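Residues per chain, in single letters:
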Amino acid sequence: MEEIKIKPVKEGLWVINGRGDGKPHLIGSRCNVCGEIFFPRKDINICSYCQSTDLVDIQLSANGKVYSYTVVMQRPPDYYKGEVPYAIGFVELPEGVRVETLFTGCNFDEIKVGMEVEMVIEKLWEDENGDEIITYKFKPKI
Amino acid sequence: MRQVFIAGVGLTRFDTYDGQQGRPRKEFYDLGSEAILKALKEAGMEWKEIQAAFCGSVYCGTASGHQTIEKIGMTGIPIVNVENACSSGSSAFRLAYQSIAAEIYDVAIAVGFETMPRGLIRSTAWPEWQRKMGFNVQPASYAMAAVRYMEETGATEEDFARVTVKNRRNGALNPFARFQKPVTIEEVLASRMVAKPLRLLHACPLADGGAAVILCCKEKLKSKEKMVTVAASVLTSGTYGHVYGGGSVKIHTPDTVEISVKQAWEMSGYGPEDMDVVQAYDTMAPGELWDLERMGFCAKGEAPRLLREGYFDLNGKLPVNTDGGLMSRGHPLGATALAQIIEIYRQIRGEAGPRQVEGAKIGLAHAMGAGPNSSVTILKR
Numbered sequence: 001m002e003e004i005k006i007k008p009v010k011e012g013l014w015v016i017n018g019r020g021d022g023k024p025h026l027i028g029s030r031c032n033v034c035g036e037i038f039f040p041r042k043d044i045n046i047c048s049y050c051q052s053t054d055l056v057d058i059q060l061s062a063n064g065k066v067y068s069y070t071v072v073m074q075r076p077p078d079y080y081k082g083e084v085p086y087a088i089g090f091v092e093l094p095e096g097v098r099v100e101t102l103f104t105g106c107n108f109d110e111i112k113v114g115m116e117v118e119m120v121i122e123k124l125w126e127d128e129n130g131d132e133i134i135t136y137k138f139k140p141k142i
Numbered sequence: 001m002r003q004v005f006i007a008g009v010g011l012t013r014f015d016t017y018d019g020q021q022g023r024p025r026k027e028f029y030d031l032g033s034e035a036i037l038k039a040l041k042e043a044g045m046e047w048k049e050i051q052a053a054f055c056g057s058v059y060c061g062t063a064s065g066h067q068t069i070e071k072i073g074m075t076g077i078p079i080v081n082v083e084n085a086c087s088s089g090s091s092a093f094r095l096a097y098q099s100i101a102a103e104i105y106d107v108a109i110a111v112g113f114e115t116m117p118r119g120l121i122r123s124t125a126w127p128e129w130q131r132k133m134g135f136n137v138q139p140a141s142y143a144m145a146a147v148r149y150m151e152e153t154g155a156t157e158e159d160f161a162r163v164t165v166k167n168r169r170n171g172a173l174n175p176f177a178r179f180q181k182p183v184t185i186e187e188v189l190a191s192r193m194v195a196k197p198l199r200l201l202h203a204c205p206l207a208d209g210g211a212a213v214i215l216c217c218k219e220k221l222k223s224k225e226k227m228v229t230v231a232a233s234v235l236t237s238g239t240y241g242h243v244y245g246g247g248s249v250k251i252h253t254p255d256t257v258e259i260s261v262k263q264a265w266e267m268s269g270y271g272p273e274d275m276d277v278v279q280a281y282d283t284m285a286p287g288e289l290w291d292l293e294r295m296g297f298c299a300k301g302e303a304p305r306l307l308r309e310g311y312f313d314l315n316g317k318l319p320v321n322t323d324g325g326l327m328s329r330g331h332p333l334g335a336t337a338l339a340q341i342i343e344i345y346r347q348i349r350g351e352a353g354p355r356q357v358e359g360a361k362i363g364l365a366h367a368m369g370a371g372p373n374s375s376v377t378i379l380k381r
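Protein sequences appear in the order of chains A and B. Under the working numbering, the first residue of the first sequence is numbered 1, with each subsequent residue one higher. Under the working numbering, the first residue of the second sequence is numbered 1, with each subsequent residue one higher.
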């Protein structure tokens, strides 16, 4: 029997326990010249704001606040194989970056602007080979 | 840079031309060429007089402008296909305008057309992993912005519904619109939820269609009556921090719409108080409200109240979307922004029939587009 593989929706979006706290953290880039922060990390070594090449990888905070959200009732035209309805939105992290994310672990009607949320790594869906695609999501902080 | 005039315009009825349920089947080149022929007729010009063609479309594939023009005549003029999402038509208009202002050509045409794919707009503006996450759903971006707007201004779903109601009421007076029947607030709020809090009737419908505008220098105008000049033609694209489907950043910069409209005031010498009639970009109902605010027609958060008071109605202080907007016309991406410009043209020439705004002399058309793009066109008599 073939082993089920677990694959991230995209390599390099997050790291687990990178800060030694057992939590997953998104990987971003910081520009040492202007202070701008990017998520996902820049794959081209240029700051899109000031065009400096002095960028470093950083780990972003694992918690934040809901900046905005919506509950999508209609399946997207392509690629997405998860459940519908689903909730997406922007979470503002303490670093000042607003990260787009899926929401999980709650009744979608409970989501409110300003709600405190924390990051988790969870299954997105199973692909046609039966492999599990995982991704980052945010859920209400208890 | 010399003044540029509009010689003639052409518009097809917007509808779904899919050949189903008794509807005719028309391809993008049928709609585009129909619009071009109408514009030529109104301008009193022959195709041979056109010296350059700028053709806006998004989903029609390679050489779409060429295939359209081939129906009418191939004269070896430069044909450039322009894709700027929902601003394709106004971007094509701007290229035609600039080339005449700079005295490169005396007569040029901007044409926009589209036959839309069915269902939610499929957009390659997002990277693959974000599409896998389900981020690439157009109502979702507007819905998330609507949630912020409601939080910051106290606007309600009903305020958004009122935009649809106003525009569908105006659209009932527009024989070129896909939908020519009014709707009520109750019908909007009873329509199915697409991306909370936005419902089906908060969103503009699909449509296919074509639109064309011929621009020229003063000497080439066949008629010197009711002359219309381009007072401003502005495009602002890719402003920092507002990348469509891109990643997240910390630094936030002035809003794309604010930047583009500021350029339009500078270019034209006018301000919001000078506009007699406005075409706002109502792809989703709340967008009309916050764009009117960003353009300076009222203070932030004020648009819902003004709408409630009838300020933006056909007989109001500042009529917005007099032809029914995207809500009534539908949204053939390549043609939409030109259709907006054409309605302004009709209004300031006194040719808008039952939709006529009395004494209109100066008007503004605004379109957004994935990119982002914000395009502003001001026409004056």
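Treat the hints as calculated values from the structure; they're not laboratory data. Keep in mind that this is a model prediction, so the values were computed, not measured. Misleading hints may appear alongside valid ones.
[To be verified] A short list of chain A residues far from chain B (calculated; beta carbon distances all over 12 Å): (1) 18; (2) 53; (3) 87; (4) 91; (5) 118.
[As the list claims (entries may be wrong)] List time: in silico DSSO-like cross-link candidates among lysine-lysine, alpha-carbon distance up to 30 Å: (6) 42(A) - 250(B); (7) 65(A) - 7(A); (8) 250(B) - 300(B); (9) 250(B) - 139(A); (10) 7(A) - 250(B); (11) 81(A) - 141(A); (12) 300(B) - 361(B); (13) 262(B) - 317(B); (14) 23(A) - 250(B); (15) 23(A) - 81(A); (16) 300(B) - 112(A); (17) 123(A) - 41(B); (18) 250(B) - 10(A); (19) 65(A) - 300(B); (20) 41(B) - 226(B); (21) 112(A) - 250(B); (22) 361(B) - 181(B); (23) 65(A) - 220(B); (24) 361(B) - 262(B); (25) 141(A) - 250(B); (26) 48(B) - 220(B); (27) 7(A) - 23(A); (28) 123(A) - 23(A).
Yeah, the Cβ is synthetic: ideal placement off N, Cα and C, and Gly gets one too.
Do the hints match the structure? See the list:
no., hint, result
1, 18, "holds, 19 Å"
2, 53, "holds, 17 Å"
3, 87, "violated, 8 Å"
4, 91, "violated, 9 Å"
5, 118, "holds, 17 Å"
6, 42(A) - 250(B), "holds, 14 Å"
7, 65(A) - 7(A), "holds, 27 Å"
8, 250(B) - 300(B), "holds, 23 Å"
9, 250(B) - 139(A), "holds, 22 Å"
10, 7(A) - 250(B), "holds, 29 Å"
11, 81(A) - 141(A), "holds, 26 Å"
12, 300(B) - 361(B), "holds, 26 Å"
13, 262(B) - 317(B), "holds, 22 Å"
14, 23(A) - 250(B), "holds, 23 Å"
15, 23(A) - 81(A), "holds, 26 Å"
16, 300(B) - 112(A), "holds, 22 Å"
17, 123(A) - 41(B), "violated, 60 Å"
18, 250(B) - 10(A), "holds, 22 Å"
19, 65(A) - 300(B), "holds, 24 Å"
20, 41(B) - 226(B), "holds, 17 Å"
21, 112(A) - 250(B), "holds, 22 Å"
22, 361(B) - 181(B), "holds, 28 Å"
23, 65(A) - 220(B), "violated, 60 Å"
24, 361(B) - 262(B), "holds, 20 Å"
25, 141(A) - 250(B), "holds, 23 Å"
26, 48(B) - 220(B), "holds, 13 Å"
27, 7(A) - 23(A), "holds, 18 Å"
28, 123(A) - 23(A), "holds, 16 Å"
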